[in-house]
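Visitor: Next come the chains, spelled out residue by residue.
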Amino acid sequence: MATVVKQKSDVVLDYLRPGKKFPSVWCPGCGNGTVMSAIIRAVDKLGYSKDEVVMVSGIGCSSRMPIYLDFSALHTTHGRALAFATGVKFAQPHMKVIVVTGDGDALAIGGNHFIHACRRNIDITAVLINNNIYGMTGGQGSPTTPDAAFSTTTPYGNAEKHFDVCDLAKAAGATYVGRSTVYHAPQLEKQIATALEHRGFALVEAIANCHTYFGRLNRQGDAVAMLNMFKERSVTTAKAKEMTEEELKDKWVIGTLYESTEKSEFCEEYQKLVDRVAKGGR
Amino acid sequence: MAERERKLLQGNQACVVGAIYAGMRFYAGYPITPSTEVAEGCSRELPRIGGRFIQMEDEIGSIAAIIGASVSGKKAMTATSGPGYSLMVENIGYAYMTETPVVIVNVQRGGPSTGLPTKVSQSDTMQARWGTHGDYNAIAVAPSTVADTVVETIRAFNLAERFRTPVTILLDEVIAHSRSMVEIPQEGDFPIVDRIKPTKPAGRDFMPFEVTENFVSPMASYGDGYRFIVTGLTHDQHGFTTNRADETVVKLEKLRNKITRYEEEIYKQEARWTDDADIILVAYGSAARASLQAAQIAREAGVKVGVIQLYTIWPFPEKPLLDLCAKTKKVIVAELNMGQLVHEVRRVLPGDIDVHSVLRYDGEILTPLQVLEKVDEVM
Amino acid sequence: MGALLDKIAVPQDRFEIRLSGSGGQGMILGAVILSEAIGGDGTKNVSQTQSYGPEARGGASKSDVVVSPNQIFYPKAMKLDLLLAMTQESLDSYYKDLKDGGTLIIDNVLVTDIPTDNYYGLPFTRLAREEAGHVMVANVIALGAIAALTGVVDKETLINAVLARAPRGTEEKNRKAVEIGFREAEKLKK
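Residue numbers (the numbering used here), protein chains in the order written: chain A, 1385 to 1666; chain B, 25 to 403; chain C, 22 to 211.
Pulled out of the complex, with its shape left as it was, chain A reads as follows:
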């Protein structure tokens, strides 16, 4: 008797939104698809029901993801996903709220909401897909575009400095901070799962390829070439400890960068306040 082996991709198909007409807006080979699969597999492994997941996003390529997935979807305005998500989570704290955002969405127009979501330590998992560029509008520079890199608005090289997403999140008060790349898909999936189970604000930075714009303008090649670059230029946290600052230049340190359970989660803290006030306390 033949055994039917379920293909890995089947799980992904189970979570695509019924009735959605594909293809997606993403270019062939785009890193967003890899991140989407990682999120699906993490949710599936954790055994969450589709009904308890709300996926919130803003504007940009990555922000189209909630429309493709069979979760409750809140596709909002540019930069504001975390503020909308704060409303969803605070209104229904039992829901699992995932924000999918990009470097422009979260750090430029949405920078204020980003640091304050971190500060509140509200139990939201933010997956920030960092491709160092604005893809949707055609390749403009973003707050993570590296020094001297080219984009359609930095035609002579970027004169600005860029954010380190993870440093920013940690400094602002996030209690889980991790980084991975779309080359390291299994690790990315594990990190997202850890982030989802973490009680508090969790940030996963997923380094991703926009070969269409960033790769082309910066001569980094096609999707495969960029994935190879992610492989070669990534170092684990353990290895990074033994490296000098000079050696770490142009490298991505991947893995769990910060994790803490000391700080209380916002919705839980507010519930305590409600319970206290209900008893007539102050």
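Keep in mind that the hints were calculated from the coordinates and are not lab data.
Derived Cβ-Cβ restraints for the label pairs, each shown as a range:
(1) K210(C) x G74(B): 50 to 60 Å
(2) G363(B) x L26(C): 22 to 32 Å
(3) N139(C) x V402(B): 35 to 45 Å
(4) R1660(A) x R30(B): 28 to 38 Å
(5) D27(C) x D347(B): 29 to 39 Å
(6) K1405(A) x E234(B): 15 to 25 Å
(7) D27(C) x P55(B): 45 to 55 Å
(8) K208(C) x R30(B): 31 to 41 Å
(9) K1545(A) x R280(B): 44 to 54 Å
(10) R72(B) x P188(C): 20 to 30 Å
(11) K1545(A) x Q109(C): 53 to 63 Å
(12) D1548(A) x R186(C): 49 to 59 Å
(13) E388(B) x K1405(A): 51 to 61 Å
Ideal Cβ placement from N, Cα and C applies to all residues, glycine included.
Mind docking chains B and C on chain A? Use the hints.
Guide: Just chains B and C now, with coordinates in the frame of chain A:
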């Protein structure tokens, strides 16, 4: 029925009383004069009844959070003033497009820009109608007394839920900060409207943006099992984004028709002494208070002045105004700006009615004397 | 032109009160308490307003209470029936708003330049410091005087309204303040 509790309240506090009565259980806001007492009141009262209060990082975040709460099933509100409302308008447009019921209180102060933070104004009248980009039909209500503020806040929530749309409450600094004795309403005093929940089971038959007979779609909440899409992109009745011309037209006409076909339900105005009036004053908010006082004084002096006080500003009450002004030849619009409402009145009334304006825009409330001087001038 | 303006008058059913002084003298709180005392039983409507802004931290401060058995259309004062002036600056600013024959009450230690002989003067601030035990209750003493001189509210109702707002532990001081104001004003009655 038991005697109602009476309390000396500011307009801003009355707004909180009305909102909680209407079922508001989620407030997000950012401090701004002269609206801040609304936030303070909500921060105090909501935890006592299991509600949620959050002070967001800015007004953009505030409106975003209440939309998120509303799609999660809560009746939600924010309060601000002109500069904050200006920051909110993009997401107010999102609420129009996604047909999300929320209530936004704008305690008007002098503008433009930072303007006069502690002074009264009605210069956001047009902003409440046209604030965000694109085509849409706005609802805005306007109380003129502290006691009215309870009633109009309840009405704002009812309209928001009935029509699945954002509703603006146009308050102003004078009403917001003045105090009067207010009867605290008891259960049953006012009807409460809740959004209609879907009866169809989840699946392909359920369309979150279905064009129903009255154009309003039943609204599920996140967590109810429907897993629907909410997007600010133009979408079809399933919520899927679309670029198609035919589906775009269906969506935009749905947004329009659900309001324009039912305007009679939304209009609210009060006419006093208009039956035999030679001159009719049209006003809302604190300008209506000055107008009523002026009309009363004029009547005592033997001059027949009437007042139409508007409680619904948007949609503009065209038909009621036409009917109420049918027998008069002179109308004066009183407002605390450089002339906004008067354009609507001129648009609506036939050409043989003279429409005059009495305006004040120095940060103070119109006085009855100023209105009377205008009456004297045009009579 | 002018045919109407010659004939108009502020409606007789309104009683308009202004409490004025400097920021920190409790004029707004005084007006709030007075409003609660007058409007508490539901037989009269009240509308209380104030000037906001830097006044709250020094400088001239005023708060109005309009009282009427009927609906109050205009929320602010038009022509004052009663002006309380706790400082010279406030009297200078608001005396013009007092109607002919209106009641003027001043702190006669702090206000010395008075444009009329028809007024009631009491040393509210000194009474607060020396008799009531705290300068902060000068406003409450003034409320007691207003009750005695105008009858807009009776003493017991006023005391109840004051106590409802008094911070815990200051009840006696506040009750005494009303009594002092009422007593001293009774002495001035002609």
